[in-house]
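Residue numbers (the working numbering), protein chains in the order written: chain F, 8 to 90; chain V, 236 to 685.
Some hints could be false.
[Said to hold, decoys possible] If you want the footprint, here are the derived chain F segments under chain V, 3+ residues with CB under 8 Å:
(1) 45 to 51
(2) 69 to 83
[As the list claims (entries may be wrong)] Keeping only pairs whose Cα atoms sit at most 27 Å apart, straight-line, the calculated DSS-like set for lysine-lysine is:
(3) Lys14(F) with Lys646(V)
(4) Lys14(F) with Lys595(V)
(5) Lys14(F) with Lys620(V)
[Stated by the list, open to error] Here are a few chain V residues that face chain F, going by a calculated C-beta distance under 10 Å:
(6) Ala500
(7) Lys595
(8) Ser621
(9) Leu627
(10) Ala643
(11) Phe644
(12) Thr649
(13) Ala650
(14) Gly658
(15) Phe659
(16) Val661
(17) Ala663
Hints are computed from structural coordinates only; laboratory data are not their basis. Virtual Cβ for every residue (Gly too), placed ideally from N, Cα, C.
Spelled out from the first residue to the last, the chains are:
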Amino acid sequence: MTNLRNKITTAIQETADMRGTEIGVLTDETVLLESGLDSLGFAILVARLEEELGYDPFVMMDVPVYPRTLSEFVEIYQRFAPQ
Amino acid sequence: MKCLLDRLSTCKASDVLWVADPVGSVDITRLTRALACVDPSGWHGKRVAIGALPVLEFVTALAFLDGLAQAIVLLPNEDDQPTREARLAQAGIEFVVEGNGFGFAKLLTQFDVTGSNGTAQPAVTDRPAAIQTTWLLPTSGTTGTPKLIAHTFATLTRSMTTRRIGDDYTWGSLYSLRRFAGLQVFLQSWMCGTPLILNEEGADLHDVLTRFIDLGCNALSATPSMWRKLAMHPLFDRLTLKQITLGGEIVDQSVLDMLAKRFPAARITHIYASTEAGVGFAVRDGRAGFPADYLLQAPLGVAMRIDEQNHLWFGTKLVESLAAGTESVWIDSGDVVEMQADRVRFLGRANGSINVGGNKVMPEEIESVIKELPEVAFVQVRARKSAMLGSLVEAAITPTSGTVMDAAFKKQVTAHCRARLDGFKVPAFIVAADAIQLTASGKLSRMNVE
């Protein structure tokens with residue numbers, strides 16, 4: 008869990024760097040779309056994580072889930088992680 | 236002049252047409268002797284396809300059949316069976332010439348060049364009066380469904396100089412003579428009486444460049460992608476070029492600057508031509524794009540206009556030679572352009588755009604920005620599928636030697652793009668390129684664009 012969360016926060020940081028946006032301190036309660044990532048940044052983040060983790064939970068889910076906070080986002084990745 | 240062979244009567248018998256393995260130099264005497272050995276009567280008025288042939292056999296077959304056959308189809312070597320059959324049916328072909336063809340290559344080895352007396356005007360005897368042969372050329376496929384486009388000797392050579400520049404130049408052929416770009420090089424060297432160094436299709440680039448250097452090649456035509464590939468080759472600096480021609484893809488400022496720096500004495504021409512429209516214009520001022528007043532004056536007799544979607548259109552008189560009317564038809568080039576002050580600049584292919592969350596992105600535009608960095612030898616921008624936005628932009632880069640594709644370099648590329656481009660155009664992914672893939676006509680392969 009910590010490992011996965013670290014990977015995700017690093018990817019968020021890198022995506023923000025790439026997009027030239029500032030990201031504040033990330034906590035479990037950080038609202039993703041208020042963190043400095045727009046929809047393009049979010050799509051890039053998911054694509055980066057797919058490359059690193061080997062899966063994209065947002066194409067695997069039957070019922071679409073829209074994570075609001077960082078902890079919800081991490082939870083989705085955990086739920087769909089290959090067993 | 237109605238056909239290829241008509242040109243020979245204006246040349247000296249000892250003029251060299253081609254340099255090819257294994258025969259060496261082929262002059263006019265040698266060619267006419269070889270041609271005289273094959274009975275033309277069986278081919279008169281026939282519809283003939285030219286399949287896979289050694290390059291020397293291929294060019295000799297063209298000289299033989301033009302003015303004799305009713306139609307010639309140049310079959311691309313890379314066609315699969317169904318495509319080939321479709322082309323043969325579409326063109327109503329009676330004969331396919333392939334394998335060893337007419338046996339001209341063998342005949343040419345028998346008529347050694349030392350047999351030429353260099354003065355007598357050889358004649359190709361016993362040929363029926365020349366008819367107007369229709370040349371059916373395959374499109375490169377960059378414009379979608381491959382098709383056959385009808386040309387004649389006249390439409391193919393319309394814009395070419397027939398000024399004899401003979402011994403001053405030796406042209407080299409870099410890619411398939413079956414495609415419009417390669418065929419242009421073949422015809423241009425034929426029309427102005429300069430030798431052409433022939434290479435087999437798919438020959439190794441190292442061998443080709445070695446031949447060019449050894450044989451004194453000083454004029455080359457290639458796509459910008461091919462020029463970049465050549466520039467990365469260790470033998471490139473040993474070429475001594477007087478004429479550099481670019482075409483077939485968007486010509487950007489960085490490739491023009493690179494060539495001008497490497498070959499300060501060379502004349503650099505970039506040509507806009509397509510299989511459909513023929514040659515549209517040529518530019519020699521060293522700047523990318525073309526002068527806006529070309530839209531008013533049609534420099535080579537080919538009118539141009541820009542529609543409301545910024546597509547460039549060409550008015551062509553193609554149909555005049557094919558039968559009925561003489562009115563010009565307008566052809567959408569599929570290229571998207573932009574007016575910048577007194578210049579028209581190319582942004583990319585209309586059907587090659589990448590859709591990033593509803594925003595259209597031209598890969599060529601991003602490529603031209605990334606190419607501004609001196610550490611970048613080669614770049615291809617392509618779509619990467621995204622479940623969220625449809626596509627994201629990915630740039631595959633080959634750095635110049637001495638540059639490492641590390642995180643710092645990728646950051647530098649990103650920062651450069653961010654300073655010059657809208658956010659949605661900045662590549663989300665920067666990766667190291669695999670081998671550079673060029674098509675049979677020397678264009679950057681865009682197969683992986685969705």
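Determine which of the earlier numbered hints do not hold for this structure and return their numbers in increasing order.
-> Those not satisfied are hints 2, 4, 6, 7, 10, 11.
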